[in-house]
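All chains, full assembly: derive it from the sequences and hints.
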Amino acid sequence: MSKTFYSALNKSNVVLLLLAMTVSGTLKAQKLPLPPRANDAISGSTFKNQIETLNLEDREKHIYQQILSGNVPNFLRELTPISFSKTIKDSTYVVTYFVLPDYLAVGSDADYFLMPMTPILAQKIAEAIGFTLPTKQIVDQIWTNAQVKLAPSPIPPTAQMTTIPVMWEHNNRLKGQRKVTLKQAPLNVLVAGQKKDVIISNKIYEKSSKPVVIYGWHYQNGTPIQPVYSGHSDTYADYSHGIRLVQDSVLINNKVHLITKVLQDIQKSSLFSDEGVIGKPFYPLDKAQ
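Residues 1 to 289 in full-length UniProt numbering are what the sequence shown lists, from first letter to last.
Each hint should be verified, as a subset may be incorrect.
Stated by the list, open to error - Listed next, the in silico DSBU-like pairs over lysine-lysine satisfying Cα-Cα at most 35 Å (straight line): (1) Lys89 to Lys261; (2) Lys175 to Lys48; (3) Lys149 to Lys31; (4) Lys48 to Lys61; (5) Lys61 to Lys203; (6) Lys48 to Lys207; (7) Lys268 to Lys179; (8) Lys255 to Lys28; (9) Lys89 to Lys179; (10) Lys261 to Lys210; (11) Lys203 to Lys86; (12) Lys280 to Lys31; (13) Lys280 to Lys207; (14) Lys210 to Lys28; (15) Lys149 to Lys48; (16) Lys268 to Lys48; (17) Lys203 to Lys175; (18) Lys280 to Lys61; (19) Lys207 to Lys86; (20) Lys207 to Lys89; (21) Lys255 to Lys89; (22) Lys28 to Lys179; (23) Lys183 to Lys261; (24) Lys261 to Lys203; (25) Lys179 to Lys255; (26) Lys28 to Lys207; (27) Lys268 to Lys280; (28) Lys280 to Lys261; (29) Lys210 to Lys31; (30) Lys280 to Lys179.
These are calculated hints, taken from the structure and not from any lab test.
Small disclaimer: the values here were computed from a predicted structure and weren't measured.
Right, here's the structure in full:
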């Protein structure tokens, strides 16, 4: 898909959002803009078996194809709204934005795979559907608002932590943790604490090398295991990484804006960023084209 296609889709999303976000002043639910999951779509465990021995490039092609074709659990499809107000230089802003209730996954509600991936692929998926990746500030806000706060479950670091078997092992650990909470909180409620987030940050462009920037994995007291870190390349992903997509279109004082544009605004960037203006709120996609 071309950048022209992405741009056209994003503009279309904004127009649709103007029609759908508010009706007579009432906020409406937002949906993940993917096709319905096909009746013959493969399960998370079948997908795990298909990609287990693939190289990274082929693995990520398969992940992209599955997600864009709609092989995503139903519990991820209704976005969770997060609302807050903030005063900046005597101007008050009332904001509502929408996030995935959990990390991006392949498969069904009964058999899903919370899918670690490189920031290149995450950015490509986000742009294809008019979404963005979170900032550090958004990650913290998601954790604060989460109905379910899971305790981190690290796996001791080894050379295998970037492989599908270890990613699947962690996936099953998290499903076990989540199962305990299902009676009080079904799968479609906002959950946090179980993975590090791939985030957008000025650190993406601070070095000559292209890094992935990660943050989060909050303890139960709200302290993150992982401070903002940019020590891995943008072709790196391990079992602990999660992709939390955030709808780019948001409501600010009942008007539609784009998070990615607000982040570039000197006055308003602090609505979504605690590091000031983020001039390039995205990962470069030259390797993914």
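Hints, one by one, checked against the model:
Taking the CA atoms of Lys89 and Lys261, the gap is about 19 Å. The hint holds against a cut of 35 Å. A C-alpha spacing of about 15 Å is found between Lys175 and Lys48, which places the hinted pair at or below 35 Å, so the restraint holds. In summary, the hint linking Lys149 to Lys31 is supported, as the alpha carbons are separated by about 23 Å, within the 35 Å threshold. Of the supplied pair hints, the one linking Lys48 and Lys61 holds, its CA atoms being roughly 14 Å apart against a limit of 35 Å.
The straight-line distance between the Cα atoms of Lys61 and Lys203 is roughly 26 Å, inside the 35 Å bound, and the hint therefore holds. Pair hint Lys48 plus Lys207 holds up; C-alpha atoms about 34 Å apart against a cutoff of 35 Å. About 40 Å separates the Cα atoms of Lys268 and Lys179, which puts this hinted pair outside 35 Å; it is violated. This hinted pair checks out: Lys255 and Lys28 have alpha carbons roughly 14 Å apart, not beyond 35 Å.
For the suggested pair Lys89 and Lys179, the alpha carbons sit about 45 Å apart, so the restraint of at most 35 Å is broken. For the hint linking Lys261 to Lys210, the alpha-carbon distance of about 22 Å falls within 35 Å, and the restraint holds. Between Lys203 and Lys86, the direct Cα distance comes to roughly 25 Å. Compliance with the 35 Å bound is thereby established for this hinted pair. Taking the CA atoms of Lys280 and Lys31, the gap is near 26 Å; set against the 35 Å cutoff, the hint holds.
Only pairs whose Cα atoms come within 35 Å are accepted, and Lys280 paired with Lys207 is accepted, the gap being roughly 14 Å. Distance check on the hinted pair: Lys210 and Lys28 sit about 38 Å apart at the alpha-carbon level, beyond 35 Å; violated. Between the alpha carbons of Lys149 and Lys48 the distance comes to roughly 26 Å, so the proposed pair stays at or under 35 Å and holds. For the hint linking Lys268 to Lys48, the alpha-carbon distance of about 42 Å lies beyond 35 Å, and the restraint is violated.
Restraint check: the Cα-Cα separation between Lys203 and Lys175 comes to about 32 Å, which is no more than 35 Å; the hinted pair holds. For the given pair, Lys280 sits about 25 Å from Lys61 by alpha-carbon distance, which is consistent with the 35 Å threshold. Proximity of Lys207 to Lys86 is assessed by CA-CA distance (about 32 Å); at most 35 Å being required, the pair is judged to hold. Our distance criterion of 35 Å between C-alpha atoms is met by Lys207 and Lys89, whose separation comes to about 33 Å.
Taking the CA atoms of Lys255 and Lys89, the gap is about 19 Å. The hint holds against a cut of 35 Å. Distance check on the hinted pair: Lys28 and Lys179 sit about 29 Å apart at the alpha-carbon level, within 35 Å; holds. Only pairs whose Cα atoms come within 35 Å are accepted, and Lys183 paired with Lys261 is rejected, the gap being roughly 40 Å. At roughly 18 Å between alpha-carbon atoms, Lys261 and Lys203 fall within 35 Å of each other, so this suggested pair holds.
Taken as a hint, the Lys179 and Lys255 pair is broken in the structure, with Cα atoms around 39 Å apart against an allowance of 35 Å. Straight-line distance between C-alpha atoms of Lys28 and Lys207 comes to about 41 Å, which puts the hinted pair past the 35 Å bound. Taking the CA atoms of Lys268 and Lys280, the gap is about 15 Å. The hint holds against a cut of 35 Å. For the suggested pair Lys280 and Lys261, the alpha carbons sit about 10 Å apart, so the restraint of at most 35 Å is met.
Under the criterion of a C-alpha separation no larger than 35 Å, the hint pairing Lys210 with Lys31 is consistent with the structure, at around 32 Å. A threshold of 35 Å between alpha carbons decides the hint, and for Lys280 with Lys179 the separation of about 39 Å lies outside it, so the pair is violated.
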